[in-house]
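Listed here are the chains, written in short residue letters.
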Amino acid sequence: MIITKYLTILGRYLILMGRTFSVPERMRMFFKSYIKEMAQLGVNSIGIVLLISFFIGAVICIQMKLNIQSPWMPRWVSGYTTREIMLLEFSSSIMCLILAGKVGSNIASELGTMRVTQQIDALEIMGVNSASYLILPKIMGMLTLMPCLVTFSSATGILGAYATAYVGHVLPPDDLTIGLQHSFKPWFMYMSLIKSQFFAFIITSVPAFCGYTVEGGSVNVGKASTDAVVTSSVLILFSDVFLTQLLS
Amino acid sequence: MIEVKNLYKSFEDKDVLKDINTVFEDGKTNLIIGQSGSGKTVLMKNLVGLLDPTSGQVLYDGRDFVAMSKSEKVHMRREMGMIFQSAALFDSLTVLENVMFPLDMFSTMNLRERTKRAMDCLERVNLHGAEEKFPGEISGGMQKRVAIARAIALNPKYLFCDEPNSGLDPKTSLVIDDLLQDITREYNMTTIINTHDMNSVMGIGENIIFIYEGHKEWQGVSSQIMHSDNTRLTDFIFASDLLKNMRQLVLEKEADPFATAPLDPSRHG
Chain A
1 MIITKYLTIL GRYLILMGRT FSVPERMRMF FKSYIKEMAQ LGVNSIGIVL LISFFIGAVI
61 CIQMKLNIQS PWMPRWVSGY TTREIMLLEF SSSIMCLILA GKVGSNIASE LGTMRVTQQI
121 DALEIMGVNS ASYLILPKIM GMLTLMPCLV TFSSATGILG AYATAYVGHV LPPDDLTIGL
181 QHSFKPWFMY MSLIKSQFFA FIITSVPAFC GYTVEGGSVN VGKASTDAVV TSSVLILFSD
241 VFLTQLLS
Chain B
1 MIEVKNLYKS FEDKDVLKDI NTVFEDGKTN LIIGQSGSGK TVLMKNLVGL LDPTSGQVLY
61 DGRDFVAMSK SEKVHMRREM GMIFQSAALF DSLTVLENVM FPLDMFSTMN LRERTKRAMD
121 CLERVNLHGA EEKFPGEISG GMQKRVAIAR AIALNPKYLF CDEPNSGLDP KTSLVIDDLL
181 QDITREYNMT TIINTHDMNS VMGIGENIIF IYEGHKEWQG VSSQIMHSDN TRLTDFIFAS
241 DLLKNMRQLV LEKEADPFAT APLDPSRHG
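These protein sequence lines map, in sequence, to chains A and B. Residue numbering for the first sequence follows our numbering, beginning at 1 and increasing consecutively. Residue numbering for the second sequence follows our numbering, beginning at 1 and increasing consecutively.
So that you can see chain A by itself, here it is in the shape it has in the complex (with noise of 0.2 angstroms):
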């Protein structure tokens, strides 16, 4: 019974991923909300990725001299570690999770909103695909952005790595770089790009799937938007691991 449940849902979610990815009635319009979602989604995303990005990368390099640091250890391990921790999980998967409740939750209660509302209704009526005009601008809006808030990201991190350095005196600056720049493989940031992507489609496709098909009021979105977010950072978790897997 609940795997036909779960099977529904997934047919009804390709069903909508397909009308969303048919050729826009027309590009103008099509640009004009890629350009709005950009802003909305990405640019006003940066930040919350920015300061958060840098008091992790701050914690995880305090962290890493507190605890494995030691006098068996390099020197250049707690800039080593803080690097690969920063490129290979946060930036990408760990960043991704925060902003699927930023942005995840936004896209859900404004579509849902438009649906009780019924603005989806009228798009219809006038014999427009709601879905694709509606939804599509904001997937290609984040697919778009998410590698420059995963450069960001990874960038403002071994920023904050550098302020418990310059700042905090934690740890010698001359350590931290040399620990950056020890052993750089520049396939792990090409990672964090590519699980971005993914990631990116997820906190977009999944929100706006909850959104889309509300029933019902105010709490019907309300449940929605926390739906929203809570699968997509299931599902952000789920393929993590098998995209880990893929492309290590």
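Hints listed in this document are in silico derivations from the structure and should not be mistaken for laboratory results. C-beta atoms are modelled at their ideal positions from N, C-alpha and C, and glycine is treated no differently. Treat the hints loosely; a few may be bogus.
Said to hold, decoys possible - List time: in silico EDC-like cross-link candidates among lysine to aspartate or glutamate, alpha-carbon distance up to 16 angstroms:
#: 1; chain 1: B; residue 1: K45; chain 2: A; residue 2: D121
#: 2; chain 1: B; residue 1: K45; chain 2: A; residue 2: E124
#: 3; chain 1: B; residue 1: K73; chain 2: A; residue 2: E110
#: 4; chain 1: B; residue 1: K70; chain 2: A; residue 2: E25
#: 5; chain 1: A; residue 1: K36; chain 2: B; residue 2: D91
#: 6; chain 1: A; residue 1: K36; chain 2: A; residue 2: E110
#: 7; chain 1: A; residue 1: K32; chain 2: B; residue 2: E97
To be verified - Computed spacing ranges between beta-carbons, pair by pair:
#: 8; chain 1: B; residue 1: G27; chain 2: A; residue 2: F238; range: 45 to 53 angstroms
#: 9; chain 1: A; residue 1: S22; chain 2: B; residue 2: D91; range: 19 to 27 angstroms
#: 10; chain 1: B; residue 1: T115; chain 2: A; residue 2: P147; range: 32 to 40 angstroms
#: 11; chain 1: B; residue 1: E3; chain 2: A; residue 2: I15; range: 29 to 37 angstroms
#: 12; chain 1: A; residue 1: V241; chain 2: B; residue 2: S69; range: 40 to 48 angstroms
#: 13; chain 1: A; residue 1: L7; chain 2: B; residue 2: K171; range: 53 to 61 angstroms
#: 14; chain 1: B; residue 1: N230; chain 2: A; residue 2: R26; range: 48 to 56 angstroms
#: 15; chain 1: A; residue 1: V234; chain 2: B; residue 2: D61; range: 45 to 53 angstroms
#: 16; chain 1: A; residue 1: L247; chain 2: B; residue 2: R63; range: 24 to 32 angstroms
#: 17; chain 1: B; residue 1: H215; chain 2: A; residue 2: I15; range: 30 to 38 angstroms
#: 18; chain 1: B; residue 1: T54; chain 2: A; residue 2: F238; range: 49 to 57 angstroms
#: 19; chain 1: B; residue 1: S10; chain 2: A; residue 2: T226; range: 26 to 34 angstroms
#: 20; chain 1: B; residue 1: V221; chain 2: A; residue 2: L7; range: 48 to 56 angstroms
Place chain B on chain A using the hints.
Only chain B this time, still in chain A's reference frame:
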């Protein structure tokens, strides 16, 4: 002209619409009336294709909308305008952008022509000066007028209004009713209005369909309601004691124009 033939609609085991047969005429304000839960909104959603009927036909000038392919329906919908109960204006767009939206999507006009057309529509609904406001900044009556302007922007052949007077004061309701009637005549549209408002029924009802528990109970014009012997209809229209007494008075007056008998006090609520 829209013709409905043998229309049935069921939700699981509940029959909401049963064998609806009716005609909505061109250039007239066609009203669908009935109690809450009688199936009016479901009928309208079947007419515009937001719901698919369980069986039956909806013929737009002889073309069966139910049997049309998806692309034919999309094309057909460009000939329809709809005013929702909640106005359903796009929150993120200004009044002018809302009215321009269907033009932006479907017309081949340039920006200047689209803006002019949208301004003309706003002028038509007496909303000049509110172009740059957002839906949240204007009153309910103004929102309904913006919705009318948006609905007529592409010169639709068919206009659907789901409870256009809901939540409006009686005076604003009259303005909306007059506007809908004028626009219907001006553009020779087939206008279908789903309403509870008895002022609308008596004022602009040129073809009235009364739905009772999912079936068509009565069809006629507003002038026939007063003399109808259909008790379900008269009980619905003249629901309050005041209206019952007024009807009684009118009927008595018509029967004996010289009678001066006062209203029976026992009939007052």
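Tested hints:
The hinted pair formed by K45/B and D121/A meets the criterion: a straight-line CA distance of about 10 angstroms does not exceed 16 angstroms. Distance check on the hinted pair: K45/B and E124/A sit about 12 angstroms apart at the alpha-carbon level, within 16 angstroms; holds. Among the hinted pairs, K73/B with E110/A is inconsistent with the structure: their alpha-carbon atoms are about 27 angstroms apart, more than 16 angstroms. The suggested pairing of K70/B with E25/A holds, with an alpha-carbon distance near 15 angstroms, which does not exceed 16 angstroms.
For the hint pairing K36/A with D91/B, the CA-to-CA distance comes to about 15 angstroms; that is within 16 angstroms, so the pair holds. About 14 angstroms separates the Cα atoms of K36/A and E110/A, which keeps this hinted pair within 16 angstroms; it holds. Between the alpha carbons of K32/A and E97/B the distance comes to roughly 13 angstroms, so the proposed pair stays at or under 16 angstroms and holds. Between G27/B and F238/A, the C-beta spacing of about 60 angstroms breaks the proposed range 45 to 53 angstroms.
For the pair S22/A and D91/B, the beta carbons lie near 25 angstroms from each other, so the given range of 19 to 27 angstroms is met. One distance hint, 32 to 40 angstroms for the beta-carbon pair T115/B and P147/A, holds here, with the actual separation near 38 angstroms. Separation of E3/B from I15/A is about 32 angstroms and conforms to the stated range, judged on CB atoms against 29 to 37 angstroms. Range check, V241/A to S69/B: Cβ separation about 43 angstroms, and the 40 to 48 angstroms hint holds.
Taking 53 to 61 angstroms as the suggested C-beta distance range, the pair L7/A and K171/B conforms, at roughly 54 angstroms. For N230/B and R26/A, the Cβ-Cβ distance of about 50 angstroms falls inside the hinted range of 48 to 56 angstroms, so the restraint holds. Roughly 51 angstroms separates the CB atoms of V234/A and D61/B, a value that falls within the hinted 45 to 53 angstroms. At roughly 54 angstroms, the beta carbons of L247/A and R63/B sit outside the given window of 24 to 32 angstroms.
The given range of 30 to 38 angstroms is respected by H215/B and I15/A, whose C-beta atoms sit roughly 34 angstroms from each other. For the pair T54/B and F238/A, the supplied restraint of 49 to 57 angstroms is violated, since their beta-carbon distance comes to about 40 angstroms. For S10/B and T226/A, the Cβ-Cβ distance of about 33 angstroms falls inside the hinted range of 26 to 34 angstroms, so the restraint holds. A hinted range of 48 to 56 angstroms for the beta carbons of V221/B and L7/A is consistent with their spacing of about 53 angstroms.
Of the numbered hints given earlier, the model fails hints 3, 8, 16 and 18; all others are met.
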